[in-house]
Amino acid sequence: MTAMNHDPQNETGPRALEPVYEPWTRRSFLKGAAVGLAGAAGVAAALHPLLALEEGEVALADLLQKHYRQLTPEDLRRIMDSLEAQCEREHGVRPAIRDPRPLDGVEFGYALNLARCIGCRRCVEACRQENNPSRDDEDDIEMAYIRVLEMNQGAINLETSNVYYDAETVPREGKYYMPAQCHQCRQAPCTKVCPVRATWQEPDGLVVIDYNWCIGCRYCMAACPYDARRFNYRKPAIPPDAINPDQSYLSNRIRPKGVVDKCTFCLHRTRAGKYPACLEVCPTGARVFGNLRDPGSEIRYVLEHKRVYILKEEVGTAPRFYYFFDR
Amino acid sequence: MHRPLDQIHGYGFVCLAGGVSYIILPKTDQRASLRAGMRLDGKTIAGAAAAVAFLSVQFAAPWASSAAEPPAPSIALFTNLPVVARPPAQQPATGLPADTHLDKTPPRQTVGLDLVRNGWTYNCMECHKLIPARWHYDRPLNEHQNIRLEHGNNRFCLNCHHPSDRNAFVDYDGTAISQSDVVLLCGKCHGTIYRDWEAGAHGRQNGYWNPLMGARTKLRCIQCHDPHRPQFQPMKPLPPPKYPPRAAHPPAARDGAGPVTMPHE
Chain A
1 MTAMNHDPQN
11 ETGPRALEPV
21 YEPWTRRSFL
31 KGAAVGLAGA
41 AGVAAALHPL
51 LALEEGEVAL
61 ADLLQKHYRQ
71 LTPEDLRRIM
81 DSLEAQCERE
91 HGVRPAIRDP
101 RPLDGVEFGY
111 ALNLARCIGC
121 RRCVEACRQE
131 NNPSRDDEDD
141 IEMAYIRVLE
151 MNQGAINLET
161 SNVYYDAETV
171 PREGKYYMPA
181 QCHQCRQAPC
191 TKVCPVRATW
201 QEPDGLVVID
211 YNWCIGCRYC
221 MAACPYDARR
231 FNYRKPAIPP
241 DAINPDQSYL
251 SNRIRPKGVV
261 DKCTFCLHRT
271 RAGKYPACLE
281 VCPTGARVFG
291 NLRDPGSEIR
301 YVLEHKRVYI
311 LKEEVGTAPR
321 FYYFFDR
Chain B
1001 MHRPLDQIHG
1011 YGFVCLAGGV
1021 SYIILPKTDQ
1031 RASLRAGMRL
1041 DGKTIAGAAA
1051 AVAFLSVQFA
1061 APWASSAAEP
1071 PAPSIALFTN
1081 LPVVARPPAQ
1091 QPATGLPADT
1101 HLDKTPPRQT
1111 VGLDLVRNGW
1121 TYNCMECHKL
1131 IPARWHYDRP
1141 LNEHQNIRLE
1151 HGNNRFCLNC
1161 HHPSDRNAFV
1171 DYDGTAISQS
1181 DVVLLCGKCH
1191 GTIYRDWEAG
1201 AHGRQNGYWN
1211 PLMGARTKLR
1221 CIQCHDPHRP
1231 QFQPMKPLPP
1241 PKYPPRAAHP
1251 PAARDGAGPV
1261 TMPHE
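Sequence order for the protein chains is A and B.
Taking our numbering, the leading residue of the first sequence gets 1, the next gets one more, and so forth.
Taking our numbering, the leading residue of the second sequence gets 1001, the next gets one more, and so forth.
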């Protein structure tokens, strides 16, 4: 009988008498303190921009800045002034940051003569001097936009190429050289994958980045078939006397930490009518630059008269950078 | 290839003596024999005056240096020639003056044309009005020993140089091409490259791609190619990029096949 009247709900035994609510012990106190401290640190980190705001390092306008293409000219000028002041504060040099706009009726094209290039890397150095990338840092990765690939003659095989070649003199026997940089694709994969539309194509064909809008997710680097983009893992390290003061908002201003940057065909030069820096220094004249929409330009002459090779044509990016041969 | 200096001076003296005798001597059989000697071969037969001077310089030098000392005025004439070569940094600038951060040195230092443009008075005819032009071939030259002619099948000085006007080059029909038009000379044989150069697809250009916004400078043939040795000379490359510091496999052999650097297709 007693067994039948057994009611588990009202059972009284050792288990039911266990305390549900433990009093404070040393262990639980420490556990709670650790969690609380971690949380507080997280909150402090999240609020850090606001603290910087109070200290005057960051302007409120920078935090609330709109996308480049929604900015009024006055807003953009104010932002560029603030960037100039920031550069002067951090590097001791006050640059002149401009925002040259695309020229009407201009679409830039670039051609490189594989029969002439000797792999001397003068273009890489000129790019570094022109575009203010991070350098002189032992722990830094290579930030120059141009990589010169040493290839074995007989095929265009990237898998046996070498960018770390070092020799007494170039060109070496049995090798040829293929500098690679941003191809400014018409169907640019990098602009399609950007989740915040921080990178886009300008009317003159240049693919640019709003460094203030980039969130540093590096999807574009994964999408690029030409290894043309670089990520600023850290604040750029540049000696003050190496800073090129002729800067523009979309191209060679000193990048903040945590954003992607890339070759823009030296937009600040080419939109002013000048040649890009890599072409200016090329000792062999292997590089040809011009306006694709001008039938009399030298780039059109190359495309119409030479054997032209498009790197990774099969991926369908339709680049504006061409390789050609002339013998 | 390079002879000792005193020997070269001796040769120079020979040339001078030959040239002077060529002018001074009246139109006699002596002068005719001198000309015949020049035409035949310089190794064995020379004109009478030249042969005497040559032998005295050649054989007197080891035993008695004072015996065949050339007269002082001729030495002074040769040492007073202007220095031809200038360091590349002093070459006229190419490209835009604002681009001081870029290295725009032309690949080759040129002499003739820039010398004239920069106010030099060096004039090839100062010497060559004395020394007639000859078709040098298959034997070492006595003068201009620093010139090695490695221009493919083009082995004759007077294919390019004008036979009587040494300040100019020569066209197919014998007319002179001035030094400033050196591209026309090169275009005689390298027509396709000349066409590319005219269109801007060959050779180095600096300045503005847009002619409406600024001027463009175009290097001429001889600012990159030595006309006597026209193959583009090898250069020392700038240092390679830093290998990523924390990456797994540092480049195994600098000159062998390195790691793959572009993403796989």
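FYI, nobody ran anything at the bench for these hints, they're computed from the structure.
Note that this is a predicted model, so its numbers are computed, not measured.
Here a beta-carbon is modelled for each residue, glycine too, at the ideal position from N, C-alpha and C.
Incorrect hints may appear among the rest.
[As the list claims (entries may be wrong)] Just a few of them, taken from the derived set where beta-carbon distance is under 10 Å, the chain B residues facing chain A:
no., residue
1, Arg1195
2, Asp1196
3, Asn1206
4, Pro1239
5, Pro1244
6, Ala1248
[What the hints assert, rightly or not] Distance condition first, Cα-Cα at most 30 Å in a straight line; then the derived DSS-like pairs of lysine-lysine:
no., chain 1, residue 1, chain 2, residue 2
7, B, Lys1236, A, Lys175
8, B, Lys1104, B, Lys1218
9, A, Lys312, A, Lys175
10, A, Lys66, A, Lys192
11, B, Lys1104, B, Lys1242
12, A, Lys257, B, Lys1129
13, A, Lys257, A, Lys192
14, B, Lys1242, A, Lys235
15, A, Lys306, B, Lys1236
16, A, Lys312, B, Lys1242
17, A, Lys306, B, Lys1242
18, A, Lys66, A, Lys257
19, A, Lys306, B, Lys1129
20, A, Lys235, A, Lys257
21, A, Lys175, A, Lys31
22, A, Lys66, A, Lys175
23, A, Lys235, A, Lys192
24, B, Lys1129, A, Lys175
25, B, Lys1188, A, Lys312
26, A, Lys192, A, Lys312
27, B, Lys1188, A, Lys306
28, B, Lys1188, B, Lys1242
29, B, Lys1218, B, Lys1242
30, B, Lys1242, A, Lys175
31, B, Lys1129, B, Lys1188
32, B, Lys1236, B, Lys1129
33, B, Lys1218, B, Lys1188
Results of checking the hints against the structure:
no., hint, in the structure
1, Arg1195, "9 Å, holds"
2, Asp1196, "7 Å, holds"
3, Asn1206, "6 Å, holds"
4, Pro1239, "7 Å, holds"
5, Pro1244, "5 Å, holds"
6, Ala1248, "14 Å, violated"
7, B/Lys1236 / A/Lys175, "15 Å, holds"
8, B/Lys1104 / B/Lys1218, "12 Å, holds"
9, A/Lys312 / A/Lys175, "20 Å, holds"
10, A/Lys66 / A/Lys192, "20 Å, holds"
11, B/Lys1104 / B/Lys1242, "25 Å, holds"
12, A/Lys257 / B/Lys1129, "70 Å, violated"
13, A/Lys257 / A/Lys192, "23 Å, holds"
14, B/Lys1242 / A/Lys235, "18 Å, holds"
15, A/Lys306 / B/Lys1236, "29 Å, holds"
16, A/Lys312 / B/Lys1242, "26 Å, holds"
17, A/Lys306 / B/Lys1242, "35 Å, violated"
18, A/Lys66 / A/Lys257, "19 Å, holds"
19, A/Lys306 / B/Lys1129, "47 Å, violated"
20, A/Lys235 / A/Lys257, "4 Å, holds"
21, A/Lys175 / A/Lys31, "64 Å, violated"
22, A/Lys66 / A/Lys175, "49 Å, violated"
23, A/Lys235 / A/Lys192, "27 Å, holds"
24, B/Lys1129 / A/Lys175, "49 Å, violated"
25, B/Lys1188 / A/Lys312, "39 Å, violated"
26, A/Lys192 / A/Lys312, "18 Å, holds"
27, B/Lys1188 / A/Lys306, "22 Å, holds"
28, B/Lys1188 / B/Lys1242, "46 Å, violated"
29, B/Lys1218 / B/Lys1242, "34 Å, violated"
30, B/Lys1242 / A/Lys175, "21 Å, holds"
31, B/Lys1129 / B/Lys1188, "27 Å, holds"
32, B/Lys1236 / B/Lys1129, "42 Å, violated"
33, B/Lys1218 / B/Lys1188, "19 Å, holds"
Checked against the numbered hints given earlier, this structure breaks hints 6, 12, 17, 19, 21, 22, 24, 25, 28, 29 and 32; the rest are met.
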